[in-house]
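*Asks:* Chain by chain, the residues run as shown.
Number of protein chains: 2
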Amino acid sequence: MIRIALDVMGGDNCPAAAIEGAVRATKTMEDIELILCGKEAQIKAELDKLGADTERISILDAQEEIDCHEQPTAAIRRRETSMVKALNLVAKGEADAVVSSGSTGALLAGATLIVKRIKGVKRPALSPLLPTVKGGWIMLIDCGANTDCKPQYLQQFSVMASTYMQSVMGIDKPRIALLNNGSEAEKGCELTKAAYKLLKEAPINFVGNCEARDVLSGEYDALVCDGFVGNVVLKYTEGLAGSMMTMLKTELTADLRSKLGAALSMNAFRRFKKKMDYKEVGGAVLLGINGCVIKAHGSSDAKAFASAIKQAELFSNGNVNPKIAEAIAELPEEE
Amino acid sequence: MIRIALDVMGGDNCPAAAIEGAVRATKTMEDIELILCGKEAQIKAELDKLGADTERISILDAQEEIDCHEQPTAAIRRRETSMVKALNLVAKGEADAVVSSGSTGALLAGATLIVKRIKGVKRPALSPLLPTVKGGWIMLIDCGANTDCKPQYLQQFSVMASTYMQSVMGIDKPRIALLNNGSEAEKGCELTKAAYKLLKEAPINFVGNCEARDVLSGEYDALVCDGFVGNVVLKYTEGLAGSMMTMLKTELTADLRSKLGAALSMNAFRRFKKKMDYKEVGGAVLLGINGCVIKAHGSSDAKAFASAIKQAELFSNGNVNPKIAEAIAELPEEE
Numbered sequence: 118m119i120r121i122a123l124d125v126m127g128g129d130n131c132p133a134a135a136i137e138g139a140v141r142a143t144k145t146m147e148d149i150e151l152i153l154c155g156k157e158a159q160i161k162a163e164l165d166k167l168g169a170d171t172e173r174i175s176i177l178d179a180q181e182e183i184d185c186h187e188q189p190t191a192a193i194r195r196r197e198t199s200m201v202k203a204l205n206l207v208a209k210g211e212a213d214a215v216v217s218s219g220s221t222g223a224l225l226a227g228a229t230l231i232v233k234r235i236k237g238v239k240r241p242a243l244s245p246l247l248p249t250v251k252g253g254w255i256m257l258i259d260c261g262a263n264t265d266c267k268p269q270y271l272q273q274f275s276v277m278a279s280t281y282m283q284s285v286m287g288i289d290k291p292r293i294a295l296l297n298n299g300s301e302a303e304k305g306c307e308l309t310k311a312a313y314k315l316l317k318e319a320p321i322n323f324v325g326n327c328e329a330r331d332v333l334s335g336e337y338d339a340l341v342c343d344g345f346v347g348n349v350v351l352k353y354t355e356g357l358a359g360s361m362m363t364m365l366k367t368e369l370t371a372d373l374r375s376k377l378g379a380a381l382s383m384n385a386f387r388r389f390k391k392k393m394d395y396k397e398v399g400g401a402v403l404l405g406i407n408g409c410v411i412k413a414h415g416s417s418d419a420k421a422f423a424s425a426i427k428q429a430e431l432f433s434n435g436n437v438n439p440k441i442a443e444a445i446a447e448l449p450e451e452e
Numbered sequence: 118m119i120r121i122a123l124d125v126m127g128g129d130n131c132p133a134a135a136i137e138g139a140v141r142a143t144k145t146m147e148d149i150e151l152i153l154c155g156k157e158a159q160i161k162a163e164l165d166k167l168g169a170d171t172e173r174i175s176i177l178d179a180q181e182e183i184d185c186h187e188q189p190t191a192a193i194r195r196r197e198t199s200m201v202k203a204l205n206l207v208a209k210g211e212a213d214a215v216v217s218s219g220s221t222g223a224l225l226a227g228a229t230l231i232v233k234r235i236k237g238v239k240r241p242a243l244s245p246l247l248p249t250v251k252g253g254w255i256m257l258i259d260c261g262a263n264t265d266c267k268p269q270y271l272q273q274f275s276v277m278a279s280t281y282m283q284s285v286m287g288i289d290k291p292r293i294a295l296l297n298n299g300s301e302a303e304k305g306c307e308l309t310k311a312a313y314k315l316l317k318e319a320p321i322n323f324v325g326n327c328e329a330r331d332v333l334s335g336e337y338d339a340l341v342c343d344g345f346v347g348n349v350v351l352k353y354t355e356g357l358a359g360s361m362m363t364m365l366k367t368e369l370t371a372d373l374r375s376k377l378g379a380a381l382s383m384n385a386f387r388r389f390k391k392k393m394d395y396k397e398v399g400g401a402v403l404l405g406i407n408g409c410v411i412k413a414h415g416s417s418d419a420k421a422f423a424s425a426i427k428q429a430e431l432f433s434n435g436n437v438n439p440k441i442a443e444a445i446a447e448l449p450e451e452e
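If you read the protein sequences in the order shown, they are chains A and B. Heads up: the first sequence begins at 118 in this note's numbering, then just goes up one per residue. Heads up: the second sequence begins at 118 in this note's numbering, then just goes up one per residue.
Hints may be right or wrong, so weigh each one.
Since the list can't tell identical chains apart, any single copy or any two copies may satisfy a pair.
For lysine-lysine, the following DSS-like pairs were computed, each having C-alpha atoms within a straight-line distance of at most 25 Å [stated by the list, open to error]:
| id | residue 1 | residue 2 |
| --- | --- | --- |
| 1 | Lys-390 | Lys-251 |
| 2 | Lys-236 | Lys-366 |
| 3 | Lys-376 | Lys-233 |
| 4 | Lys-144 | Lys-239 |
| 5 | Lys-310 | Lys-366 |
| 6 | Lys-233 | Lys-304 |
| 7 | Lys-317 | Lys-440 |
Hints listed in this document are in silico derivations from the structure and should not be mistaken for laboratory results.
Generate the whole structure from the sequences, applying the supplied hints.
*Replies:* Listed below in structure tokens is the structure:
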């Protein structure tokens with residue numbers, strides 16, 4: 118049985134969406150047990166409303182919740198919050214995984230300080246998956262956990278991403294690239310130039326530099342970068358997709374003929390939107406932590422929560438962390 | 118008269134597109150003289166073919182051209198190339214501006230080493246304009262000239278961008294933001310945290326941090342970042358726009374109804390494409406150089422060249438460089 122602690126507070130549609138997601142997940146996954154962390158009375162009422170079978174669902178009462186505007190390290194000192202209680206379950210070995218749609222900063226801080234890092238891991242990394250034009254997914258590592266990185270961190274990220282894509286996504290030899298400002302080996306800023314050399318030495322299928330125009334090309338399975346750049350790429354993806362759809366919509370509604378055409382193509386637009394949808398793949402996994410920590414999107418609905426729970430199940434069954442620990446131990450130490 | 122040296126070689130559609138763009142430009146702009154740099158016989162033949170009025174068009178013969186794969190500093194030592202000849206015209210005061218669609222690296226190196234920097238400018242910056250959802254433009258500075266930046270460089274970039282957006286784009290109080298990984302003042306990596314303080318002190322309308330999701334929101338007129346991050350954003354814009362259109366096209370052609378709808382909306386898609394089109398605004402200007410240096414897109418057509426020439430005219434008439442020199446001189450020196 119995989120035991121997953123679900124922080125039902127913190128997201129835009131919480132707790133209802135998280136609880137509904139939990140119920141859906143237990144219906145389709147036979148090997149999970151869920152521990153819902155949040156206000157017990159509220160959770161019970163939601164479960165009743167859904168007429169849920171609660172055989173593999175338990176509740177851990179937590180009367181407080183972390184607000185996304187709180188300073189992260191201060192927030193995680195509040196032990197009565199649903200997020201901290203969920204993290205503590207993993208720290209104590211009472212759960213294998215945490216799924217939360219709450220404050221990213223608090224979850225990062227809590228994972229690092231409460232659950233702690235895998236031995237040898239210098240920095241945990243926030244690693245979301247983006248949809249590619251070929252219908253697959255690319256992992257972007259790191260996306261905000263570490264704004265200033267040393268080359269060795271990027272080497273560790275590459276090993277963690279490769280392990281994840283292999284063990285969870287089932288890719289035989291994940292193609293790992295370095296996000297850089299040119300495709301040639303000698304290109305880059307000080308960080309990427311040094312990281313390039315270390316990635317070449319890492320026990321991964323390193324395929325060289327990837328320029329930003331090729332991020333979603335489907336030619337790569339994971340892209341390594343520092344957390345500042347990754348955060349920019351991740352947020353820009355959201356923003357640009359939205360901006361482009363706004364611009365396109367303006368044009369599609371500018372004349373009657375286009376309006377009619379757009380109405381006819383509505384299903385195609387829906388399918389496109391679904392393809393661009395993070396809800397299909399779960400959340401961003403925090404790699405390098407001694408347990409599975411999944412950050413679900415703040416606006417997750419029930420389906421997105423169910424996907425994130427599925428991701429936690431795959432992560433735990435994939436034996437990801439022991440493999441990461443082993444691979445990290447084999448990397449040469451920083452001189 | 119504004120004298121503009123046009124490197125007619127180096128781009129995908131060169132020299133034909135550059136020469137046709139030059140002819141178009143002289144027809145619509147009364148106050149420019151163009152010096153076409155490239156193979157004289159070829160240029161003459163193109164001009165004849167177009168039946169062009171060459172009263173304000175002259176030719177500077179250059180038998181060599183720079184390939185985009187050449188090492189930049191080596192490339193610009195080749196004095197017989199069209200790009201170097203064009204740059205030398207500005208260096209000698211025989212032209213006010215250079216427009217080239219050739220190698221970005223060589224143009225950066227040549228501008229810095231041949232035309233030279235404005236007094237006090239630490240680093241010139243490559244500064245393209247991106248279309249916003251509100252129909253305006255945002256300058257992204259720097260986009261690749263400087264992969265590793267000091268905070269003071271970013272302060273200078275902010276002043277140069279503000280001057281450009283005011284003098285060339287006619288924006289009264291350009292809203293200058295810092296591209297960062299959070300909107301709060303204390304957010305950022307080491308570089309952006311330090312730069313934030315310097316931008317606050319700069320004589321500009323600094324409006325704070327901009328998260329990547331808001332780059333194209335139309336809320337900002339210029340966005341300051343280091344050249345590595347700017348390069349990633351610029352190339353990702355190209356790539357993501359292309360990737361999204363590919364994904365959308367796949368869906369729009371997946372069933373007959375959508376196909377029909379897409380056919381009806383064709384004009385809307387065309388208008389959208391035009392809006393996303395860099396050709397409307399010219400090229401990326403290299404700010405901080407003692408002259409006007411415009412990098413036209415490698416795939417520029419005649420229209421894009423005409424736009425870049427227009428941009429050079431506006432730049433020169435806008436008295437941008439003396440204003441930049443004055444503003445830079447007033448910034449406190451780095452301690």
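*Asks:* Are the hints correct? Go through all of them and say.
*Replies:* Quick rundown of the hints versus the structure:
1. Lys-390 x Lys-251: Both: 15 Å inside a chain and 22 Å across chains, each within 25 Å.
2. Lys-236 x Lys-366: neither (50 Å within a copy, 47 Å between copies)
3. Lys-376 x Lys-233: The answer is neither: 54 Å in one copy and 53 Å across copies each exceed 25 Å.
4. Lys-144 x Lys-239: Answer is neither: 38 Å inside a copy and 62 Å across each miss the 25 Å cutoff.
5. Lys-310 x Lys-366: neither (41 Å within a copy, 37 Å between copies)
6. Lys-233 x Lys-304: between (35 Å within a copy, 24 Å between copies)
7. Lys-317 x Lys-440: within (20 Å within a copy, 47 Å between copies)
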